[in-house]
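Undergrad: Residues per chain are reported as follows:
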Amino acid sequence: MYALRDLSMKIEKGEFVFLTGPSGAGKSTFLRLLLRESLPSDGAITVAGKNLAQLTPRQVQAYRRSVGFVFQDFKLIPRKTVLENVAIVPRVLGAPVSTQQRKTFQVLKWVGLQHRMNAYPQELSGGEQQRIAIARALVNEPMVILADEPTGNLDPDLSLDIMNLLREVNARGTTVLVATHDRDLIRRVGRRVIALDHGKLISADERAEAGSNAGA
Amino acid sequence: MRALKYFFDEATASLSRGFKTALVATATITVAFVVLGGFLILTSNMERVFTRWQEAAEFSVYLADAATPDQRAAIEKTLRESAVVGGIDAVSKEDALRRFKQNFGTLAEAAGDIAANPLPASIEVRLRPNANPADVGALAQKAAGLAGVADVRYDRQWIQRLMYAVDIVRAGGFALAALLVFAAALTVASVVRLALLARREEIHIMQLVGAPIAYIRGPFIMEGFIQGGLGAITALVILWITFFVVRSRADAWLAGVVDPATLVFLSIPRAFMVLAAGMAVGALGGFIAALGTREIAD
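Just so you know, the protein sequences line up as chains A and B, in that order. Mapping the first sequence onto this note's numbering, position 163 (from 1) lands on 156, and the numbers just tick up by one. Quick note: to get this note's numbering, add 6 to the position in the second sequence (first position is 1).
The set of hints was computed from the structure by calculation and includes no laboratory data. The reader is advised that the hints may include incorrect statements.
DSS-like, lysine-lysine: derived pairs with alpha carbons at most 27 angstroms apart [stated by the list, open to error]:
#1 K26/B x K73/A
#2 K193/A x K6/A
#3 K73/A x K102/A
#4 K102/A x K6/A
#5 K73/A x K11/B
#6 K11/B x K68/A
#7 K73/A x K96/A
#8 K99/B x K83/B
#9 K43/A x K193/A
#10 K96/A x K11/B
#11 K6/A x K96/A
#12 K148/B x K83/B
Modelling step: build the complete structure from the supplied sequences, incorporating the hints.
TA: Dropping the structure here:
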C-alpha cells in the first residue's frame, strides 16, 4: 500500500499552485512530505536544491524556518493571545523581544487584525483565526507557504478572502501551495492545478480559469 | 538569557495550570529529601557523638596480683613507647579499693567482710586525641599478651562497633533515600509528561516552525527543575523545624546521654547539596518526560 506513488512534478519558485483531489487522494501526505514530517520510502523530494531525505535534524529545523504552514483547523494555541500565537515563531527562534514585537505587529497589520492582538483565538471568528494562522506562517518571511485545506472550515465568502490573502502573499514573491478539494474555489481563484487521485498524479499542469468573482 | 526566561515563563505558566498535579510531584520530592536529609543529619550527629565518646574512651591495663616489678616495668615501658599514648597513671590495689569505696559506698559496706582486697592494680592509659583506633586496638592486643597482665579494658572497641553501626544505618538510609529519590524523579516525569501531553499541539507547532529542540524541551526540564527545587526547599524547612524541636527536648528524651550542644543541623554546603540534588532530580524527571517530544514529532 502506498499513499503516493509514481509522482513526478516541479513547482517553480514564486508559483501559486493548487493541489486537489478527493479525500484520500494523498494531498495531506504530499504536504507532510514537503514539511519533512514524513520521508518517502522511495524517490526524492528536492526543495531549493536540498534533498529533504538527506537533511540532518538541525538542517530540518533550519529548513522548516523557511516554510510557513496553514491548516484547516488553524492550530492556534487557545491559552495564548493573538499576539503570542504569532510571536511564538520569532520567540522560539531566539529573536530579541523588540524584533519579535515589530515583526508580529507588522504581519498582524498586514492581515488586518492588529486591533485584535490581545484577544484569544476562541474570541475570534473562523475567518479571523485563519488570518492569524496565515500571519503566523508569514512572520518569519518564509520562501514557501503550505496550506492544507485552509478554507475547509469557512463559508464561501470567507474562503475567498483567505485565498485573496494568499494571493497577496504570493504576489510578494512567496511560493504558495494550497491543498483543497474545493473545485469551485479553485475555479474562482484560477491558478495552476495539480490533481491527485488514489495517490497518483492525474494532472500536473491543469490551469483553472479565474471566475469573475475571484476578487482582487 | 532569553531562552532561560522563555523556559521559566512557560514552566511557571504550566505549573500554575496544573497546580494540583505539580503539588503531588513536589510533595513526593519533599518526602524523599526529608528522608535523605534526615539520614544525613542523624548519621552525622551519631558520628559526632560517638567520636566524642571515643576521644574520652578509657584504656586500662589490669595487672595480675603475681606480677613482678620487672614485669610491671616492662608493661609501662611498652605503653609509654607507643605513639598513641599521651601518658599513663599507675593505680595500686589500695587506690582501686579506695575508689571503689568512694563510688559504690553501699556495695563497699556489703563487701566489708572480705578479708583480702580483691581489686587488681592497674595502669590507666591516656590516649592522644587523634590516636588511630586501629593502632590503639593493636596496642591493646599487644598489652594483653604481656607477662603480668590479667586483662585489658578498651572502651573504644564497642564505640568502634557503634561507628560500624552508623555506617550500616547510613548505607541503609541512603539506599532508602535513593529509592525514594528515584520514585520522586519518576513522579516528576509523569507529572511533566501530563503537561507535555496537554501541550501536544503547541509542541507540534513549534516543531513545524523549526524551533530548536532545546526550546521545545527546555520548558519541561525547567518545570521539573522548579518542582525539584521547591520540594528540596520544603524538605529543608521541615528538617530544620524538626531538628530544633528535637534538640530543644533532647535533654528530656535522651536522659542526658547526649549533650544537646553537640547536635548540629546540616552544614550550609550540605544544605546546598540537598537543594542542588532536588533540582537535579526534578530536572532529570523533566528531561525524561521531555524525551516524549520526539514521539510527537514522529
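Undergrad: Against this structure, judge whether each hint is valid.
TA: Okay, the hints, checked on the actual structure:
1. K26/B x K73/A: The hint holds at about 22 angstroms.
2. K193/A x K6/A: Holds, at about 23 angstroms.
3. K73/A x K102/A: holds, 18 angstroms
4. K102/A x K6/A: holds, 26 angstroms
5. K73/A x K11/B: At roughly 17 angstroms apart (the allowed maximum being 27 angstroms), K11/B and K73/A satisfy the hint.
6. K11/B x K68/A: Holds - the C-alpha atoms of K68/A and K11/B are around 25 angstroms apart, at most 27 angstroms.
7. K73/A x K96/A: At roughly 17 angstroms apart (the allowed maximum being 27 angstroms), K96/A and K73/A satisfy the hint.
8. K99/B x K83/B: Holds: K99/B and K83/B sit about 20 angstroms apart, inside 27 angstroms.
9. K43/A x K193/A: holds, 24 angstroms
10. K96/A x K11/B: holds, 20 angstroms
11. K6/A x K96/A: holds, 24 angstroms
12. K148/B x K83/B: holds, 13 angstroms
Violated hints for the displayed structure: none, as all numbered hints are satisfied.
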